[in-house]
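> Please model the complete structure; the sequences and the hints are all you need to start from.
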Amino acid sequence: MNPPGSLGVLEEKEEEHLSTPILGPSIHSDNPQERIQARRLRIAARLEARRREALGEYLDGKKESEEDQSKSYKQKEESRLKLAKLLLCGAEFVTNIQVATDIREIHRRVEEEEIKRQRLEKLENEVKTSQDKFDEITAKWEEGKQKRIPQDLWDMLNTQQVHCAGLIEDKNKLISELQQELKTKDDQYVKDLKKQSDDTCLLLERMEEQVKNVMKSFRQELHNIEKAFEVERQELLTSNKKKWERALQAHNSKELEYLMNRIRKVEDYEKQLNKQRILDCEEYNMIKIKLEQDVQILEQQLQQMKATYQLNQEKLEYNFQVLKKRDEESTVIKSQQKRKINRLHDILNNLRSKYTKQIKQFQEENQSLTSDYKRLVVQFKELQKAMRHFALIDEEKFREIWLMNEEEAKDLISRAFDVDRIIHTHHLGLPWTAPDFWFLKNVGPISQQQQKSATQILEELLMQTEEEETEAAASEPESYLDLPKQVSAKTTRKILMLLCDESGFLIESKLLSLLLPLEKSECYLLRLDAIFSALGIESEDDLYKLVNFFLKYQAHHSPSSQEPTSLISALEPAEQIDREGEEEESLVEGETEEKETPPSPRLIHPNDVLKILEAFVMGLKKPRDFQAPVKLLKDVRNNSKDSEYWKALTTVIPDSTQNLWDALYMALEKYHLVLTQRAKLLMENNSLEQQNTELQMLLQQYLGSKINSELQVPPTQVFQVPTK
Amino acid sequence: MQETITTPTMSAPSRSSVSTQDRSSATGHASSTDPQPSKPSVAPPPGKSKGPNSGASVRRMRRIIAEDAEWSLAIVPLLRELCIQHIVKNFQNNPILKQLPPEDQQKVLNHLSPDLPLAVTANLIDDEGYWSRCCMQRWPVCYVAKYGGSWKRMFFERHLENLLKYFIPGTTDPAVILDLLPLCRNYVRRIHVDQFLPPVQLLPRPRSGEQSDSGSEGEMEEPAMDHYQLGDLVAGLSHLEELDLVYGVKDCGMNFEWNLFLFTYHDCHSLAATIKACHTLKIFRLTRSKVDDDKARILIRSLLDHPALEELDLSHNLIGDRGGRAAAKLLSHSRLRVLNLANNQVRAPGAQSLAHALAHNTNLISLNLRLNCIEDEGGQALAHALQTNKCLTTLHLGGNELSEPTATLLSQVLAINTTLTSINLSCNHIGLDGGKQLLEGMSDNRTLLEFDLRLSDVSQESEYLIGQALCANREAARQRALNPSHFMSPITAKGPENPVG
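Protein chains in written order, with my numbering: chain A, 1 to 724; chain B, 1 to 501.
Hints were generated in silico from the structure; no laboratory data involved.
As the structure is a prediction and not an experimental result, all values here were calculated from the model.
Be aware that one or more of the hints could be misleading.
Derived lysine to any residue pairs resembling SDA-like cross-links, with alpha carbons at most 25 Å apart [stated by the list, open to error]:
(1) K250/B x L193/A
(2) K76/A x A472/B
(3) K85/A x Q460/B
(4) K191/A x L318/B
(5) K194/A x W258/B
(6) K85/A x A469/B
(7) K71/A x E475/B
(8) K82/A x Q460/B
(9) K250/B x D199/A
(10) K194/A x R109/A
(11) K441/A x E396/A
(12) K82/A x L222/A
(13) K282/B x W258/B
(14) K82/A x E475/B
(15) K381/A x C500/A
(16) K250/B x Y189/A
(17) K306/A x V295/A
(18) K390/B x T362/B
(19) K173/A x F134/A
(20) K82/A x D452/B
(21) K74/A x R474/B
(22) K89/B x G129/B
(23) K76/A x L449/B
Partial list, computed: chain A residues near chain B (C-beta under 10 Å) [to be verified]:
(24) L41
(25) A45
(26) R80
(27) L88
(28) Q98
(29) D102
(30) R109
Just so it is clear, CB atoms sit at the ideal spot from N, CA and C, and this is done for glycine as well.
See the structure below:
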């Protein structure tokens with residue numbers, strides 16, 4: 001039997017040497033990534049090879065690589081080869097034992113087989129011979145049965161016994177032989193065992209030796225490789241060092257240059273610095289001295305302050321004492337006062353209750369009164385409305401009557417004028433000129449109207465707009481104001497509203513509080529009234545002026561920034577003219593205003609209102625003084641003008657003409673008489689003529705008769721002459 | 001402990017949490033906020049070390065006493081440490097590990113004793129450190145690389161191996177192994193047993209005469225000589241990949257008996273059923289077990305069409321030609337990569353059948369027929385087969401009585417074949433002419449790396465020249481390996497795995 005353990009060890013040992021290096025990326029790998037990698041490498045290698053071949057460099061790969069590669073590579077290659085050889089030899093050396101045992105085993109087997117065969121042969125022979133002998137013996141037994149003679153039988157038995165003994169002896173011999181063989185085999189086995197153990201020992205020894213050797217040689221080779229690397233490194237180092245030194249030298253020289261430059265610069269800067277330092281030092285000293293002086297002054301002040309502080313402290317202490325005493329007193333007083341307060345509180349409470357009661361009462365009263373007042377106001381308004389209506393009607397009537405009378409008067413006057421003209425032209429033969437009087441042209445009542453006060457206008461204005469609002473502006477009532485000639489009532493109203501809103505400071509605060517509960521329009525009215533009184537606006541004209549001023553200002557404002565002074569100067573002459581010929585001027589102004597597109601008051605910025613007002617007031621100062629007497633005169637003259645007008649109408653024919661007419665009348669009387677006489681005469685004449693005609697008729701008849709033609713001289717011809 | 005309680009320790013209320021706890025448990029007041037279950041038996045050393053007598057109560061107030069150089073109060077360990085200690089101590093009864101935070105887990109594992117019962121630790125602990133401690137404690141030599149670098153696997157495999165080695169059928173309780181099964185089923189990948197003990201004979205028979213001869217007398221005791229049946233165990237191991245068995249006894253010394261080395265038919269049948277049922281098995285080794293033709297046929301029949309088997313090793317047995325034929329059949333009915341029939345009794349007919357199977361096989365990488373007797377007929381058949389085979393890389397024909405005719409055929413094969421990397425023809429009678437022919441064949445070969453011709457009557461000159469050619473081939477192979485893109489060699493691509501001897 002082979003010792004399997006040692007074989008196993010051997011096999012294991014072999015395994016280690018069998019291991020081949022691990023491959024790189026293979027194109028047969030399962031991993032597609034790896035396959036791609038492998039193909040790429042292959043392609044790159046092929047390209048590389050082709051390029052080399054093209055360049056003719058690729059003479060001998062190894063040679064070139066040897067030349068190309070460094071010492072270390074050579075050393076590595078060498079070591080690798082050496083070590084591979086060593087390993088191979090070692091493996092062979094170790095496995096030699098296995099092989100030797102194998103062949104021994106084979107030899108043993110062959111021998112064993114031979115021996116076995118021989119043994120078998122021998123045994124077979126033995127079996128055959130013993131079988132023959134046995135057969136012989138058994139045959140003799142048969143023979144023996146037939147023998148009757150005991151002597152023979154005994155002989156035969158003896159021979160049989162001898163035969164059997166021979167047979168047994170043969171067998172025993174064989175057995176002993178075999179046992180002998182077995183013994184030798186046992187000995188052999190023991191020897192083999194010993195040999196095997198020796199072999200194993202040898203194997204172990206060799207393996208150990210091999211391991212040692214391999215380790216040693218590996219170490220050696222490693223050392224060699226390291227050395228080679230070291231040498232190479234040294235070379236590289238020296239060459240690099242040379243390069244480095246050269247570079248360093250160049251660098252140093254440059255550095256030196258830079259350094260020199262730098263030193264020069266540094267010196268320069270140092271000089272400058274020194275200069276600067278000296279300057280700074282001086283400055284510093286000056287400042288120091290100054291500051292020290294300041295410090296001294298401040299210390300003095302501090303001392304003073306301290307003294308005053310001391311004083312104040314004492315004062316304050318005294319005050320404190322006084323105050324303490326006062327405090328005590330005040331506590332006493334306080335208690336007294338408190339008691340008083342209590343008492344007064346009681347009283348106050350009583351009074352309060354009373355007061356509340358009264359308030360209630362008065363409130364009730366107030367409510368009833370206000371309701372009354374409201375009712376009255378409504379009534380009053382209605383009354384006013386009615387009054388206005390009646391005034392309107394009255395005026396209409398007045399106008400109608402006026403017109404009627406005027407027409408009558410004018411008829412009369414025209415008749416008189418006709419008569420006068422006839423008299424003049426027909427009777428006197430004088431050229432007649434129609435008398436040219438202003439009142440003749442007048443139609444209707446004299447337009448010179450009463451100047452209304454500003455407040456009235458305002459009221460009307462507001463009322464009107466209110467009405468307009470209510471009547472939805474469908475029927476535009478002819479306004480009794482002549483505002484429309486310049487600006488519409490609406491714009492005026494808006495301007496006034498603006499004014500009212502912006503110049504609240506002109507109104508007294510009491511008035512404002514009073515105004516609160518009133519209606520909106522009334523409130524406006526009252527406020528505007530107050531503002532106007534403050535501004536000194538009293539008459540309608542003033543109001544218009546104000547409105548116009550606003551509009552003008554607006555117009556001026558748009559092209560250029562407002563110049564209140566120039567506006568005032570512009571206003572002054574206008575007013576002077578105004579005073580001289582009010583109506584015309586206003587008309588002209590109105591026309592001019594209307595021509596321009598009336599600027600919407602909306603465009604007036606609320607902030608501008610005050611400026612405008614200021615300008616207006618400045619402008620208004622002077623004319624205000626004259627206003628009052630003018631207004632009075634206008635009232636008186638109005639009535640007188642009426643009467644004058646009518647008187648003038650009566651005296652349309654002057655006295656001289658009447659005198660003329662009287663004289664003429666007398667003359668015409670006389671002339672009439674003459675004429676009447678003449679008429680009598682004419683009558684006679686007429687009758688005579690009639691007679692004449694009758695006679696002529698008769699004559700005609702006579703002439704027409706045939707006798708006439710028959711006559712030599714016809715009588716018709718004779719008569720024709722006198723008619724002509 | 002009692003002493004510390006009775007001594008006036010009241011002056012130190014905030015000394016050690018455990019001592020206060022003890023006090024509270026003894027006196028029954030002073031509510032304890034300690035989350036640890038109060039066990040009087042668990043007392044850390046600081047609790048015991050202090051309190052020598054009542055006079056020291058004042059000193060206990062202080063942590064440092066300048067005059068007394070030896071006075072030092074052990075700092076109260078953290079509650080966490082205490083808990084960990086407690087867990088370690090009670091791990092057997094109450095294994096708490098997975099609930100702990102990782103750093104504490106590590107601490108616990110570092111302090112666990114390797115003697116803990118496997119039932120507790122097997123499926124709970126995966127930490128390699130713990131298992132390495134277990135292994136180091138049990139076995140002086142531990143070569144963890146053999147076990148895939150896993151200490152746990154090593155522990156369980158060796159533990160199981162030990163149990164199997166010393167299992168005596170009939171006397172040892174089979175539950176010993178079956179109890180271990182649920183614990184080790186996920187970790188054991190290989191069963192390597194080089195000894196199976198036979199059942200014990202109560203009466204040591206006096207064997208004077210006939211015991212020395214062959215095992216013919218074994219027939220009588222055969223039913224009684226069955227070894228442990230692996231069936232249940234192997235069925236339970238879900239990751240088993242390798243079975244390495246030797247039916248024999250080690251260290252029998254002077255108690256040697258032939259029947260100690262008996263691989264009975266019953267054993268054989270049960271083993272066959274076992275390996276048939278084990279679908280994960282990759283490597284099956286049954287060596288030095290007196291497997292003869294019949295048993296080999298039984299085993300190989302069960303291995304036909306096995307889904308995973310890659311390596312079959314039946315070396316050092318008694319397999320003859322019929323067994324060789326069975327192996328040849330197996331070659332064509334499985335995905336076997338390595339076949340080892342070394343040191344058997346395969347002769348020419350068996351080798352011829354193997355050669356027939358090998359001619360069209362595309363799986364087998366390594367074939368070992370060392371120390372058989374296939375002779376020239378078998379060798380020629382194999383050489384013919386190798387002319388068509390494109391897969392085999394390693395062939396061992398050492399010690400097979402081969403001679404010149406085989407060598408001539410092999411030289412032709414060498415010229416054609418591009419897959420073979422290793423041939424062993426040592427211990428044959430190749431002869432001088434055969435050596436020359438082989439040299440001729442080698443001159444055309446570029447792939448062979450090893451060619452063993454020792455002790456085969458080949459002239460030194462040709463052996464040397466063959467050695468040169470092999471050197472060149474090796475160099476070329478190395479170049480290929482270094483930059484594989486240069487050469488498109490199918491050999492290196494096809495056989496990346498080395499044949500596992």
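> Each hint needs a verdict: does it hold in this structure or not?
These are the hints, each one checked on the structure:
no., hint, in the structure
1, K250/B x L193/A, "holds, 16 Å"
2, K76/A x A472/B, "holds, 18 Å"
3, K85/A x Q460/B, "holds, 18 Å"
4, K191/A x L318/B, "holds, 24 Å"
5, K194/A x W258/B, "holds, 21 Å"
6, K85/A x A469/B, "holds, 14 Å"
7, K71/A x E475/B, "holds, 20 Å"
8, K82/A x Q460/B, "holds, 22 Å"
9, K250/B x D199/A, "holds, 20 Å"
10, K194/A x R109/A, "holds, 19 Å"
11, K441/A x E396/A, "holds, 20 Å"
12, K82/A x L222/A, "holds, 12 Å"
13, K282/B x W258/B, "violated, 32 Å"
14, K82/A x E475/B, "holds, 13 Å"
15, K381/A x C500/A, "holds, 24 Å"
16, K250/B x Y189/A, "holds, 18 Å"
17, K306/A x V295/A, "holds, 16 Å"
18, K390/B x T362/B, "holds, 7 Å"
19, K173/A x F134/A, "holds, 16 Å"
20, K82/A x D452/B, "holds, 20 Å"
21, K74/A x R474/B, "holds, 19 Å"
22, K89/B x G129/B, "holds, 19 Å"
23, K76/A x L449/B, "holds, 22 Å"
24, L41, "holds, 4 Å"
25, A45, "holds, 5 Å"
26, R80, "holds, 9 Å"
27, L88, "holds, 9 Å"
28, Q98, "holds, 9 Å"
29, D102, "holds, 5 Å"
30, R109, "holds, 8 Å"
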